[in-house]
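Engineer: Letter by letter, the chains look like this.
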Amino acid sequence: MTGSEFFFALDLFGTLIFAITGAFRAVKHELDILGVLVLSVFTGVGGGILRDVILGAYPPAVFTNEIYFFLCIGGGLLVFFTASHIARWWNLVKIFDAVGLGVFAALGALKGYEYGLGPIGVIMMGTMTAVGGGVIRDILVSEIPAVLATDFYATAAALGALALWACQVAGLDSGVSMIVAAALTIVLRLLAMKFQVHLPRARKFTAPLKKRR
Amino acid sequence: MTGSEFFFALDLFGTLIFAITGAFRAVKHELDILGVLVLSVFTGVGGGILRDVILGAYPPAVFTNEIYFFLCIGGGLLVFFTASHIARWWNLVKIFDAVGLGVFAALGALKGYEYGLGPIGVIMMGTMTAVGGGVIRDILVSEIPAVLATDFYATAAALGALALWACQVAGLDSGVSMIVAAALTIVLRLLAMKFQVHLPRARKFTAPLKKRR
Amino acid sequence: MTGSEFFFALDLFGTLIFAITGAFRAVKHELDILGVLVLSVFTGVGGGILRDVILGAYPPAVFTNEIYFFLCIGGGLLVFFTASHIARWWNLVKIFDAVGLGVFAALGALKGYEYGLGPIGVIMMGTMTAVGGGVIRDILVSEIPAVLATDFYATAAALGALALWACQVAGLDSGVSMIVAAALTIVLRLLAMKFQVHLPRARKFTAPLKKRR
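Protein chains in written order, with the numbering used here: chain P, 2 to 214; chain A, 2 to 214; chain X, 2 to 214.
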């Protein structure tokens with residue numbers, strides 16, 4: 002198995018896990034089976050589509066290999082029929098989800114770098130690839146995206162993407178950069194889960210303040 | 002009237018009907034006249050714009066012929082000033098809406114096929130063209146998109162798009178494929194309305210389950 | 002300072018102000034610091050990214066000069082740490098916001114015109130550039146976008162964009178067109194604030210009406 006095959010396998014794995022989390026959200030909202038599949042697909046591949054649409058990479062990568070879609074649909078059907086069983090393995094799903102987060106962040110950041118973006122652009126592409134599917138999922142069920150309010154999640158992806166940019170600028174091989182970036186994101190995310198790390202939250206203030214736009 | 006003129010007329014008709022449904026949603030939320038027009042326009046042409054942005058078809062088709070926009074604005078103004086009258090014809094609007102659904106699904110699927118997508122991609126493009134405007138409308142008024150939770154609606158579009166793909170792969174003329182796809186979608190949607198067909202919904206389960214991402 | 006430098010400075014200024022309003026919304030929802038920065042960035046540059054994605058202008062303009070991002074992040078941090086102080090200057094922020102609205106509307110409309118769009122397309126691009134960031138912000142925190150329901154805000158941008166189209170069609174220099182469009186939007190917005198102008202709102206009607214799609 003070559004390096005790029007290894008990353009391709011991880012990419013497929015992350016897609017499946019993300020699709021499963023999307024399907025669970027659909028189950029929580031009691032959507033019908035189509036809704037479950039739509040949330041599976043967009044959570045699984047939505048981040049990559051968003052990235053490619055913003056970069057102008059046509060057609061978006063997932064359309065060139067339909068195995069991504071079949072994985073999402075498979076994951077969605079699995080959850081639709083066996084949600085209560087999978088739920089017992091939720092801690093495992095969350096660990097796998099951290100792997101997907103790291104792989105997607107590294108892949109998205111590298112693509113942004115290859116398209117000539119600067120450091121902030123690379124961070125945005127990495128983070129968007131990693132959490133964009135989840136944000137679309139949350140918007141579709143009319144929730145405030147979890148990544149904006151809780152947990153150390155998107156931040157892990159952003160730091161991984163930043164690491165990729167630094168590795169590339171330092172002249173490292175892109176395979177090495179990917180491993181560094183993905184590993185950093187995964188480790189940060191798992192540590193944050195274990196130690197319940199949260200970012201500081203904005204405090205509401207009580208100064209008299211008119212309705213604002 | 003040639004075949005493509007016929008489809009162009011149906012496309013305009015579908016755009017107008019979709020715009021009317023968008024305007025009604027705006028009225029329900031008591032938006033101002035600008036909000037009514039924005040929902041009219043995005044419900045009418047949003048699905049097509051979304052499809053073209055994902056396919057990388059620039060500029061999106063509706064920008065090349067502004068009659069689409071004028072129809073949306075006309076439909077929006079009509080609803081703004083006469084909503085209570087049009088509401089009496091709601092059953093007719095729903096039947097016309099099924100026609101729009103079928104035409105948009107067929108057009109979107111054909112465009113996806115022409116851009117070289119596989120079967121899932123073609124289904125996504127057809128369905129997105131058909132229901133994307135409605136999804137944007139629902140997101141803008143902060144509702145969970147109706148197509149994810151209720152009715153046999155997007156599914157009819159998806160099956161029509163699949164039929165188009167099958168017809169094209171079988172070597173049929175694209176005009177014939179379009180008619181088959183649109184007719185299938187329309188008939189399925191009308192039958193589902195008449196017999197109140199619903200897809201199975203996900204059941205919430207009560208297994209102990211921690212907050213999940 | 003040349004004319005284009007002047008507009009570039011105004012563009013940066015508008016980006017910063019928009020970022021500040023985005024950060025305030027995040028504070029209102031008690032997001033964490035990442036959420037504050039995400040809302041800052043997308044409110045500041047989201048409208049321009051949306052415009053460039055629809056026009057097919059790659060990479061979106063903000064990615065070619067990262068100063069936009071740094072301004073957004075700076076504005077977000079400022080609000081995160083000093084929100085209650087800035088809130089006392091809210092009336093000034095709203096006036097500055099009107100300047101940003103005008104500049105963004107003019108820039109977006111000109112870009113739409115240069116890409117060959119017709120009058121409605123130019124109005125859409127101008128308005129989308131001006132209010133798109135705010136709409137993304139509102140969607141992310143699961144609110145109905147304010148521009149659809151209240152105030153004379155997007156309408157000022159739309160009329161400015163229409164003015165730009167008229168000036169360009171009349172053969173005026175694009176710098177002059179920009180000044181006319183931006184000034185018109187700013188003046189209309191400030192007058193609307195001063196005199197509390199609102200567009201007519203749709204009235205809900207009580208005719209018996211079944212659940213509609």
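Each hint should be verified, as a subset may be incorrect.
Unchecked claim - Using 25 angstroms as the maximum straight-line C-alpha spacing, the simulated PhoX-like pairs for lysine-lysine come out as follows: (1) X:Lys95 x P:Lys205; (2) A:Lys29 x X:Lys95; (3) P:Lys95 x P:Lys29; (4) X:Lys29 x P:Lys205; (5) A:Lys29 x A:Lys95; (6) A:Lys95 x P:Lys29.
Hints listed in this document are in silico derivations from the structure and should not be mistaken for laboratory results.
Engineer: Hint by hint, say whether it matches the structure.
Structural biologist: Quick rundown of the hints versus the structure:
1. X:Lys95 x P:Lys205: Between X:Lys95 and P:Lys205 the Cα gap is close to 20 angstroms, so the pair holds against 25 angstroms.
2. A:Lys29 x X:Lys95: Between A:Lys29 and X:Lys95 the Cα gap is close to 29 angstroms, so the pair fails against 25 angstroms, i.e. violated.
3. P:Lys95 x P:Lys29: holds, 17 angstroms
4. X:Lys29 x P:Lys205: holds, 6 angstroms
5. A:Lys29 x A:Lys95: This hinted pair holds, its Cα atoms lying about 17 angstroms apart.
6. A:Lys95 x P:Lys29: violated, 29 angstroms
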